[in-house]
Amino acid sequence: MAIQNIIKPENLVYTKSKILTDIPMHYCPGCSHGVVNKLMAEVIEEMGIQEDVIGVAPVGCAVFIYKFLDIDFQQAAHGRAPAVATAIKRLMPNKYVFTYQGDGDLAAIGTAETIHACNRGENILIIYINNGIYGMTGGQMAPTTIDGMKTATCPYGRNNEVNGYPLNITNLLAILEGTCYVTRQSVHNAGSVRKTKQAILKGFKNSMLGKGTSVIEVVSTCNSGWKMTPEQANNWMVENMFPVYPMGDLKDL
Numbered sequence: 001m002a003i004q005n006i007i008k009p010e011n012l013v014y015t016k017s018k019i020l021t022d023i024p025m026h027y028c029p030g031c032s033h034g035v036v037n038k039l040m041a042e043v044i045e046e047m048g049i050q051e052d053v054i055g056v057a058p059v060g061c062a063v064f065i066y067k068f069l070d071i072d073f074q075q076a077a078h079g080r081a082p083a084v085a086t087a088i089k090r091l092m093p094n095k096y097v098f099t100y101q102g103d104g105d106l107a108a109i110g111t112a113e114t115i116h117a118c119n120r121g122e123n124i125l126i127i128y129i130n131n132g133i134y135g136m137t138g139g140q141m142a143p144t145t146i147d148g149m150k151t152a153t154c155p156y157g158r159n160n161e162v163n164g165y166p167l168n169i170t171n172l173l174a175i176l177e178g179t180c181y182v183t184r185q186s187v188h189n190a191g192s193v194r195k196t197k198q199a200i201l202k203g204f205k206n207s208m209l210g211k212g213t214s215v216i217e218v219v220s221t222c223n224s225g226w227k228m229t230p231e232q233a234n235n236w237m238v239e240n241m242f243p244v245y246p247m248g249d250l251k252d253l
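Everything in the sequence shown is counted per this note's numbering, starting at 1 for the first residue and increasing by one.
Please note: incorrect hints may appear among the correct ones.
[Unchecked claim] Derived DEER-like restraints, expressed as beta-carbon distance ranges: (1) K211 / M247: 18 to 28 Å; (2) L91 / Q198: 27 to 37 Å; (3) P246 / R194: 14 to 24 Å; (4) C154 / L209: 38 to 48 Å; (5) K195 / E45: 36 to 46 Å; (6) L172 / D147: 34 to 44 Å; (7) T229 / A190: 12 to 22 Å.
Keep in mind that the hints were calculated from the coordinates and are not lab data. The structure presented is a predicted model; accordingly, all values stated were derived computationally and were not measured. Glycine is no exception: its CB is placed at the ideal position from the N, C-alpha and C atoms.
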């Protein structure tokens with residue numbers, strides 16, 4: 001007997017969002033990207049904005065989101081997503097426009113675009129996945145790599161005296177006049193997933209209220225780049241990254 005004939009509607013607890021495509025996700029097992037993609041699909045479906053939302057993603061693991069969400073997307077050059085999103089939102093102000101970026105993209109090659117879009121107060125949502133490493137291109141040190149963290153280009157651990165300090169760009173964005181909502185969340189457990197979903201919902205709503213730019217940083221794992229199991233990566237993130245990038249709202253106007 002087919003499973004769908006066994007499960008009664010009144011017993012249904014969860015079902016896959018209709019916004020998610022049938023393409024199997026090919027993020028690494030344990031990667032935080034898949035959870036965030038799922039949350040975005042759920043929020044878009046629950047808000048009923050599938051025909052009115054446009055996403056912009058550039059280079060890196062973030063680019064895979066095109067395959068998994070059945071909405072309109074525009075690809076941007078590496079780091080330029082906030083600039084592209086600015087143009088889209090200004091040309092089509094009635095659309096919900098968001099960027100989906102990794103830390104190597106947003107906080108390195110795209111630093112200028114990020115800061116200036118936020119400083120102008122563009123009415124877009126920026127979702128920023130911070131796993132402290134360049135996940136797709138070989139696990140090199142990123143601007144967000146924390147002190148002592150080992151990567152392919154600092155195999156003995158980042159040394160702040162040599163490599164500089166981790167760039168906490170979310171704190172910088174929070175002090176800009178153009179940002180209305182800046183928060184730092186995670187998706188490593190059920191409670192955190194719920195908070196991140198509410199943050200995404202709030203960010204989308206803000207984008208239509210003319211309040212300015214909303215920024216959601218999701219502190220994430222890259223267990224393949226970190227050379228850890230998913231469980232080890234989650235524990236390492238909580239113990240080592242959360243003290244540098246603490247959870248919670250930084251700004252909420």
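Results of checking the hints against the structure:
1. Between K211 and M247 the beta carbon distance is about 23 Å. The supplied range of 18 to 28 Å therefore holds.
2. Against the hinted window of 27 to 37 Å, the Cβ-Cβ separation of L91 and Q198 comes to about 29 Å, which satisfies the hint.
3. About 18 Å separates the C-beta atoms of P246 and R194, a value consistent with the hinted range of 14 to 24 Å.
4. Roughly 42 Å separates the CB atoms of C154 and L209, a value that falls within the hinted 38 to 48 Å.
5. The hint said 36 to 46 Å for the Cβ distance between K195 and E45, and at roughly 19 Å that hint is violated.
6. Restraint check, L172 to D147: a C-beta distance of roughly 18 Å breaks the suggested window 34 to 44 Å.
7. Between T229 and A190, the C-beta spacing of about 19 Å keeps the proposed range 12 to 22 Å intact.
In the structure shown, a violation is registered for the earlier hints numbered 5 and 6, in ascending order.
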